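Given chain C's structure and the hints, the job is docking chain W with the ligands onto it.
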Amino acid sequence: MLCYARFRDRLGSLTNGSGKLPDKIIEVRDVDFSRGNRTIFRNLNLTIERGQVTAIMGPSGTGKTTLLQLITRQLRPDRGQVLVDGVDIATLSQAQLYQLRQRFGVLFQNGALLTDMSVFENVAFPIREHTRLPDSLIRHVVLTKLHAVGLRGAADLMPSQLSGGMARRVALARAIAMDPDILLYDEPFVGLDPISMGVIVKLVGQLNDALDITSIVVSHDVHDVAAVADFSYVIADGDVAASGTPEELRNTSSELVKQFMHGLPDGPVGFHYDAPDYAEQLLGTRSDSR
Amino acid sequence: MFRDIYVTFHGFLQNFGAMCLFLARLVQYTPSVLIKRYSLVTYQVYNAGALSIVIIMVSGLFVGGVLGLQAYSNLERFNAEDTTGIFAGFALIKEIGPVITALLFAGRAGTSLASEIGLMKATDQLSAMEMMAVDPLRYVAVPRFLGGVISMPLLTAVFTTVGLLGAHLVAVELLGVDVGAYWQQLQSALDMEDVYEGIIKSVVFGIIASLMAVWEGYNSVPTAEGVGRATTRTVVITAIAVLVFDFMITAWIL
Ligand SMILES: Nc1ncnc2c1ncn2[C@@H]1O[C@H](COP(=O)(O)OP(=O)(O)OP(=O)(O)O)[C@@H](O)[C@H]1O
Ligand SMILES: [Mg+2]
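From first to last, the protein sequence lines are chains C and W.
Heads up, the first sequence is in the working numbering, so the first residue is 1 and it goes up one at a time.
Heads up, the second sequence is in the working numbering, so the first residue is 291 and it goes up one at a time.
So that you can see chain W by itself, here it is in the shape it has in the complex:
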């Protein structure tokens, strides 16, 4: 049994090391890709970011609405319903915005990146590029990685904004919290540091989610089954990694 644990742990470390090297190479190629192939990067920002906006906005609206409801119904008991804005705003900006955006991103963009790259591998397209003396790491992997990394903070901002509006709709329009109190309380309670926390998280989650998607696709077993497994693993691993890192970042900042 100890042997099994050792083997699993050893395999995990090996995998983790290989992934770190992969990340290092992605970062190493980033400047040249940004200069020479920026059109590929912009396309991937569109592909990963712009195409995820609808799902992000709809989710943001409802998550915000729920937060407004929960905050109101609890705060009302202490006659503190004016602080609904603080409650919903803090939760959205510091925690829920970055985390849920990352999870939605993994489901929407991460899976499509992983399966796209996996399929390119399975149909020899990556080998064909190598044979045409085009490095698939630069042509395929880096633009997709950068597209994700750039999109995530933007998507998080969209999610958080729409979420605040959703909370506003429920608390102010539906439940009758004073509109001035809602925004004023939030504004005076919120520090720039709280916003930075959200931004840091969204950047870190962007790196994690994009890296996982590109890595899983790039290292998938080149068969239909392998591509399917890679997509599933992308979502599972991203979700776990995002939640673990969320805890670590929060603990580090507080």
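Bound conformation, chain C alone:
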């Protein structure tokens, strides 16, 4: 029923207007962004193709989570635009933004389950907020989603009774509760055992194929991403350092990508957060050293 409604919506949006939707569902154009005086992105450009699984990779702290926040307008870029279906999201009113966000499903890095509700209510929350479905139907949808992540048996637990990996799977069930068009996964594979990880990897692929969803997967685990991604971006130093299919990236000649893909400690990517010279700081010869 829910699926049907969304299918009809989608048909509607396909047939009105110019007829065909652009292949680029999300486009990030010339974006600058800084937090305080730390520049995170400088002139960032990337596009996400409709119906594909796109991976965003990069070392810790390069701004992958920040990029997701820019795409969903939790943050606004200092310069440049983020387009979703060709519309600059900075121009949307709050009501329009909320309408757009109903098309997004977001899996937060730490799950972000609502702590005062049971697992069942967490998954039911977006459905209750945005539809007027009867309880029996909501129950049906919620149990289906929980079953997909293998946690139908945990429906009555509270979030505090879940392990980290279980919480993330519940969060995934909640993210797909409204059958979104675009799924954003922030580090979906961290802290999962190999079996659940296999399940999630398979689920990401299935959702994408079966429901024609566009997925963006943020991860630093190159091998897991390679299993699901159609296309990857590697972000480093505020810009796209490399892009391509997983095979292309594996066979790349770029030093930086090689270092990242093969996990080498030495190379162009600095392991350290920006810092004054180590020796100088230890010897206390710099006036601003602590």
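Calculated from the structure, these hints are not laboratory results.
Treat the numbers as computed from the prediction; the structure is a model and nothing was measured.
Ideal Cβ positions, reconstructed from N, Cα and C, are used throughout, including at glycine.
Just so you know, not all the hints are guaranteed correct.
[Said to hold, decoys possible] Anything over 12 Å on all C-beta distances counts as not near chain W; from chain C, calculated:
#: 1; residue: K24
#: 2; residue: S34
#: 3; residue: D78
#: 4; residue: L143
#: 5; residue: T144
#: 6; residue: G153
#: 7; residue: L192
#: 8; residue: S196
#: 9; residue: G198
#: 10; residue: V222
#: 11; residue: A226
#: 12; residue: A242
#: 13; residue: P246
#: 14; residue: G284
[Stated by the list, open to error] One-sided excerpt, in silico: chain C residues whose CB lies under 10 Å from chain W:
#: 15; residue: F104
#: 16; residue: P126
#: 17; residue: E248
Same frame as chain C, but now just chain W with the ligands:
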């Protein structure tokens, strides 16, 4: 030094302005929340109000008792111990009831509201709501604010009533003031205006205490440390604001 004062003052004004805007938005959303999400509001009345009743009643009993003792021991010197009821009653209804209830409320309910909201922020729950197209201001902030605003006058009434009983216990049962004199004197001396003063104060303090708790939680730094600081600030700022407003309201009414 003048520069420091200027910067501090400027920051204070900015903060104050932002808080007024926040209050305006809370009030703006109040009607729709009351209609569409009244169950959240009732739950928050329970959470902030009903759960504070025990501490309010115990404190009320002892504060009333102390007032009875003090009033009696002073009035006795002028052979006016029959007016103990007036003394204790006026103090409770006009000043001590609203003020102490507000301070206790800040300590019991205010801190828990601020830390709850701060924790929701620190664990991305507020962002998650925004991403599910649910406005956390309407879902989290307004119901908690309203819960506090509704609870405070009720709690004040409970505190004052129990306080009068406490004073009665000490003065009448313990020290032997005539029971008829105690209540009769109070009743004839007390005007409706005095009761209104207490009610006005309790409503104003309710708005202050709830606003501070929700504001501090909502704007806390989203870390464990930030949440801790927000809870402390809630109590400190509420206490100061309540005492300042108490003075201003009293001065305005008299
Ligand atoms: N709220 C914040 N205020 C200031 N700086 C922040 C904030 N959040 C993140 N940062 C900074 O922004 C940079 C990018 O953070 P982000 O969370 O996007 O990294 P990430 O790529 O997701 O890292 P990870 O893989 O570890 O999750 C980091 O260097 C961090 O120091
Ligand atoms: Mg991250």
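Which of the numbered hints above does this structure break? 17
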